[in-house]
Amino acid sequence: MIPGPFSYHRPATVADAVKLLSTLGDEARPLAGGHSLVPMMKLRLATPEHLVDLHNVAGLKGIRRDGNKVVIGAMTTQHELLASDEIAKSIPILHETALLIADPQVRYRGTVGGNVANGDPGNDMPALMMTLWATYHLDGPNGAREVAATDYYQGAYFTAIEPGELLTSISIPVPAAGHGYAYEKLKRKVGDYATAAAAVVLTMSGGKVTTCAIGLTNLSEIPLLADAAAKAVIGTSLDAATLKKAAAAAQAIMAPAADARGPVEYRKHVGGIMVTRALQRAAAKAS
Amino acid sequence: MNDMTPTREQRTAALEGMGCKRKRVEDIRFTQGKGNYVDDVKLPGMLHGDFVRSPHAHARVKSIDDTEALKVPGVLAVITAETLKTVNLAWMPTLAGDVQMVLADGKVLFQNQEVAFVVATDRYAADDGINKVKVEYEALPPLIDPFKAMDKDAPVLREDLAGKIAGAHGPRKHHNHIFEWTVGDKDLTDAAFKKAEVTIKEMISYHRTHPSPLETCQCVCSFDKIKGELTIWGTFQAPHVIRTVVALIAKLPEQKIHVIAPDIGGGFGNKVGAYPGYICAAVASIVTGKPVKWVEDRIENLTATSFARDYHMTTEIAATKEGKVTGLRVHVLADHGAFDACADPSKWPAGFFNIVTGSYDFPTAHLAVDGVYTNKAPGGVAYRCSFRVTEAAYCIERAMDILAQKLGMDPAELRLKNFIKPEQFPYHSALGWEYDSGDYGTAMRKAMETVKYAELRKEQQQMRAAFKRGETREIMGIGVSFFTEIVGAGPSKNCDILGIAMFDSCEIRMHPTGAGIARMGTKSQGQGHETTWAQIIATEIGIPADNIMVEEGNTDTAPYGLGTYGSRSTPVAGAAIAMAARKIKAKAQMIAAYKLEVHEDDLEWDIDGFRVKGLPEKFMSMKDICWAAYNSVPPGMEPGLEAVSYYDPPNMTYPFGAYICVMTIDVDTGVYKVKRFYALDDCGTRINPMIIEGQVHGGLTEAFAIAMGQEIRYDAEGNVVTGSFMDFFMPTAVETPHWETDFTVTPSPHHPIGAKGVGESPNVGGVPAFSNAVNDAFSFLGSTHIQMPHDFWRNWQAAKNLGVFASA
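Protein chains in written order, with our numbering: chain Y, 1 to 287; chain X, 1001 to 1808.
These aren't lab readings, by the way, just hints derived from the structure by calculation.
Treat the hints with care, as some may be off.
[What the hints assert, rightly or not] Listed below are the simulated DSS-like cross-link pairs for lysine-lysine, each with C-alpha atoms no more than 30 angstroms apart in a straight line: (1) X:Lys1446 with X:Lys1324; (2) Y:Lys231 with Y:Lys89; (3) Y:Lys268 with X:Lys1673; (4) Y:Lys244 with X:Lys1673; (5) Y:Lys42 with X:Lys1034; (6) Y:Lys42 with X:Lys1071; (7) Y:Lys42 with X:Lys1062; (8) Y:Lys42 with X:Lys1042; (9) Y:Lys268 with X:Lys1468.
Since this is a predicted model, take the numbers as computed values, not measurements.
Based on the provided sequences and hints, a complete structural model is requested.
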């Protein structure tokens, strides 16, 4: 539980951070809240030679409304997310989900950018960002670019980020007024990753679902968007048969690992239940 | 008397003696972060040691190459078994009469076994060093399933025992067999089963878990070459035993060994034994001439030092149709891991498991325990219990529920029908114990009335009917547990550790101004001894508890004692404290008689001093007696006021309690909710009710953790899959249920203040209450026994196995 030796850098600008990351190469890692990286370093599963601490970088923090989007700086903590009126008002599912991440101590330190950037399949925000059709803003040696959350995740800890690049902010289109939402997370205890979790954002009209997106957390090595399941509920009133169909469609793409949370069969079973419950709760909230 | 004269009530209250909810004096420093733990010990020039550990569960060690490690800046030495052999310390004796490798000697026998000890100038360098030690292994087939340990073709684990047909506890039946221990009358028991009207039989497992105290095991060893003295600061529940063990195995004169246990952050049995870290740090200090610190991390703690339980108990009860028990037969397969490092009194290879007849009047019983080796970490410590009592309580409490189910009787009714009756005490159990006192029926009925047991059963019936109609996916269980503990090891006639009788001690020294210091052979790890011990003295000799300083843990100053574990402190040291206080009081009475110019027999004790019978104004306070003891003692009397007592208890004490747990389980996810948990404890005389309540809350939380998910689990290759707090269930305040506590008081007739010990009762009684609630919830679907732990996925699995989803 003792990390190997590393050098510590504390740049003040995004440009300096990017420069450090690109010149130091593969052995450099950006440090945000450190909740994924530092434990891995203590186990020496990660042995970066350089840590580029982003806490002093100006302009990486904050939540602002930009037209019909909300832009969240990568270094915004989960606590700051929870404290934001803008988030609570326009994207309440983010508030609901952030509350289910670990405990207050972790949320004071853990950042939204760190949660989405490193591709840990256990993190809650990635599937949610996919469900919300979020876009990640990356800055790198070759300039800035945007990647859709749905295109970002490639494998456990493998993402679309290129060497030297930094995720600087996330922009999220504000869901339609009156949308329904729910994040259903089954976990063993406070602080645990999800045994299974499902995010649902939907709109209803005349008692029928008009749009729907369903995200799945920790049910595969990457966060999943359950497209077929979402399609299955469009135009329905979420009757029992539809819910069963949607859960089955979502289960069809789940590929969780067997671990101490339970065998594969169990995790898929409760994955389906999380989808069902999230759909029901989201529908009840929609107006 | 004027208005300012304190009343008797005020004088009593001012003492804050027994029965007072006195606030914990140690909390003043603990709550401010001012405790002094082993890791706070920092000595000039201190070095740090850390272990290279085995990734394999079973492998031959072909070579260890430390060349690269020694090149790491700050690394000073790499100690291996070969190094230790030069001082004859490659192996060490265990408390259970076995031997254990300190560092891998030719072989490794469990994952994370200590292979080499790297000593460096700081902890970082030590860790850099361990990553550079190259160990070549040749993997061997691991033996993980204890039920396969005695197969003919099972791998040979302990090559060092080749040809040894007997161990410390008698003959060995197989190369992986450690001992067989039998108690009771086999023929009589077999006969009872032959003519039984009803019998049940079930294999009840109590899975492997771990005490996991907040502070892990650690030490600082400092050898002074000039004086030839070794000082060890360590997380020791039994510091004197450690001193004697060090003297015996390191061949150092015992007066030159100083063992200091400073503040300890929880023990729960984890800190009773001796671990390779202690030996290696001591040897490293002797070799380097500098102090050496060893601090275990969490993963090391969970995977290498002292697991608990791992008992597989095939249990049979014989009974009449009316539900009167007539016989008990239990066979235990005990998985001890790679070495038998059980921390039990030496003559008890399965601890006090023969308390397995529980609270019931079994006319006959027979018990056999087979201990086996497997490729798992050694240990078998009493995790907040008195030497396998938790396993025994779980075994009998689960079995009684199974019998009730077979008879179609209510489990509480079955218990009431079979309780040992108050008039049967002292009660001689079929497996050899003499229960001191108890009133089980009163406790059980009080519990049932408080929770409105009959109404709960009605609610359960309604919920079951609703479940069958498809109106709910939740099922409800009511778990009843009535445990009898056996604590206070122990009487020298049957308890010793390495030949040292299990007495305990107290030394009280009063100062002239009416204050004093008391030292004991026990060692608090959070139990609040500094608070409660002073309360006993306050009541006994009339000096306010605030004026008594309690000191434990320094073997140079404390009288010899066997330490704190197995709920023995109050039954044994608590008695020693009262006895020492009574010696003080006896001398005080002589001084008071002299000063008041009367005969001793003319004095009577009155709260905080002596009064002349019939002359209430002639009174001498204990405070004034203390002054007189140093200034004007009677002619011929030695000055001073101090006493020491070594107490060898005449018997164990037998606390008991009635616990009831109400739980619902969502069959679709396996998620449970504890709706209610009621715990009635009878620990005899209550010294500090607030501390008792705290003890019960803590023990119930551990019981909840164990029953509902906390386990040390191995995969088929012998990898620990629950080696961190991510997967080893450690509940937070959010998961922990609300506890309702209650009590009855049945004093121990043989203890000077009638107290019994309580710290472990809630763990002992709590686990069966939770497990019985889960089992009770599922019973109407046709199950008789579901193994622990009852975590979410296993509850779902149970529902699935019972066909809940097939019919849906």
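Hints, one by one, checked against the model:
no.	hint	result
1	X:Lys1446 with X:Lys1324	holds (22 angstroms)
2	Y:Lys231 with Y:Lys89	holds (27 angstroms)
3	Y:Lys268 with X:Lys1673	holds (22 angstroms)
4	Y:Lys244 with X:Lys1673	holds (26 angstroms)
5	Y:Lys42 with X:Lys1034	holds (27 angstroms)
6	Y:Lys42 with X:Lys1071	holds (22 angstroms)
7	Y:Lys42 with X:Lys1062	holds (28 angstroms)
8	Y:Lys42 with X:Lys1042	holds (23 angstroms)
9	Y:Lys268 with X:Lys1468	holds (25 angstroms)
The structure agrees with every numbered hint stated previously.
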